[in-house]
Amino acid sequence: LGYCFDDAELKQIFSIASNNQDNKITFEEFFAFWQTSGNFKISDTKKLELFRNALQLFRQYDLDNSGNITIDEYRKLSASANWGLSDDQLQAMLNKVDTDKEGTVSFTEFVSWLNWGL
Numbered sequence: 001l002g003y004c005f006d007d008a009e010l011k012q013i014f015s016i017a018s019n020n021q022d023n024k025i026t027f028e029e030f031f032a033f034w035q036t037s038g039n040f041k042i043s044d045t046k047k048l049e050l051f052r053n054a055l056q057l058f059r060q061y062d063l064d065n066s067g068n069i070t071i072d073e074y075r076k077l078s079a080s081a082n083w084g085l086s087d088d089q090l091q092a093m094l095n096k097v098d099t100d101k102e103g104t105v106s107f108t109e110f111v112s113w114l115n116w117g118l
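Counting from 1, one number per residue, gives the positions in the sequence shown under this note's numbering.
It cannot be assumed that every hint is accurate.
Result set (DSS-like, lysine-lysine): computed pairs, CA atoms no more than 30 angstroms apart in a straight line [stated by the list, open to error]: (1) Lys101 <-> Lys47; (2) Lys47 <-> Lys11; (3) Lys76 <-> Lys96; (4) Lys11 <-> Lys46; (5) Lys47 <-> Lys96; (6) Lys24 <-> Lys11; (7) Lys46 <-> Lys96; (8) Lys24 <-> Lys46; (9) Lys76 <-> Lys101; (10) Lys76 <-> Lys24; (11) Lys24 <-> Lys47.
Calculated from the structure, these hints are not laboratory results.
Let the hints inform the model, and build the full structure from the sequences given.
Set out below in structure tokens:
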């Protein structure tokens, strides 16, 4: 999002933003905190909403919540959606998005592929 927090800031954010103090912040908790904070460089709420939509879409593909989309996850989605694509076709599609050539698609690569201007 254009801002890196130090450890003290992260602790403070978690203490303020996590409504149930479970050491996790949901997007809704973060968004509520973000709207009242002047420490962020993103001032465009439309961009943050696009980010949220991209993250929700990414999570549909990232079946194991690892933060990366693997070929196995892509294959499962293809089968469930009846895309009718071969393994070679799926691998070629994944390779186009996998710009760092690590064999998986990260959220950053996914957003770049979407080209939503985030």
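Okay, the hints, checked on the actual structure:
1. Annotation: proposed proximity of Lys101 to Lys47 holds, straight-line Cα distance about 27 angstroms (limit 30 angstroms).
2. Among the hinted pairs, Lys47 with Lys11 is consistent with the structure: their alpha-carbon atoms are about 25 angstroms apart, no more than 30 angstroms.
3. A C-alpha spacing of about 19 angstroms is found between Lys76 and Lys96, which places the hinted pair at or below 30 angstroms, so the restraint holds.
4. Taking the CA atoms of Lys11 and Lys46, the gap is about 27 angstroms. The hint holds against a cut of 30 angstroms.
5. For the given pair, Lys47 sits about 25 angstroms from Lys96 by alpha-carbon distance, which is consistent with the 30 angstroms threshold.
6. With a CA separation close to 11 angstroms, the supplied pair Lys24 and Lys11 stays within the 30 angstroms bound.
7. Taken as a hint, the Lys46 and Lys96 pair is honoured in the structure, with Cα atoms around 28 angstroms apart against an allowance of 30 angstroms.
8. At roughly 24 angstroms between alpha-carbon atoms, Lys24 and Lys46 fall within 30 angstroms of each other, so this suggested pair holds.
9. Taking the CA atoms of Lys76 and Lys101, the gap is about 21 angstroms. The hint holds against a cut of 30 angstroms.
10. Under the criterion of a C-alpha separation no larger than 30 angstroms, the hint pairing Lys76 with Lys24 is consistent with the structure, at around 29 angstroms.
11. Note on Lys24 and Lys47: the hinted pairing holds, with a Cα-Cα distance of about 23 angstroms set against a maximum of 30 angstroms.
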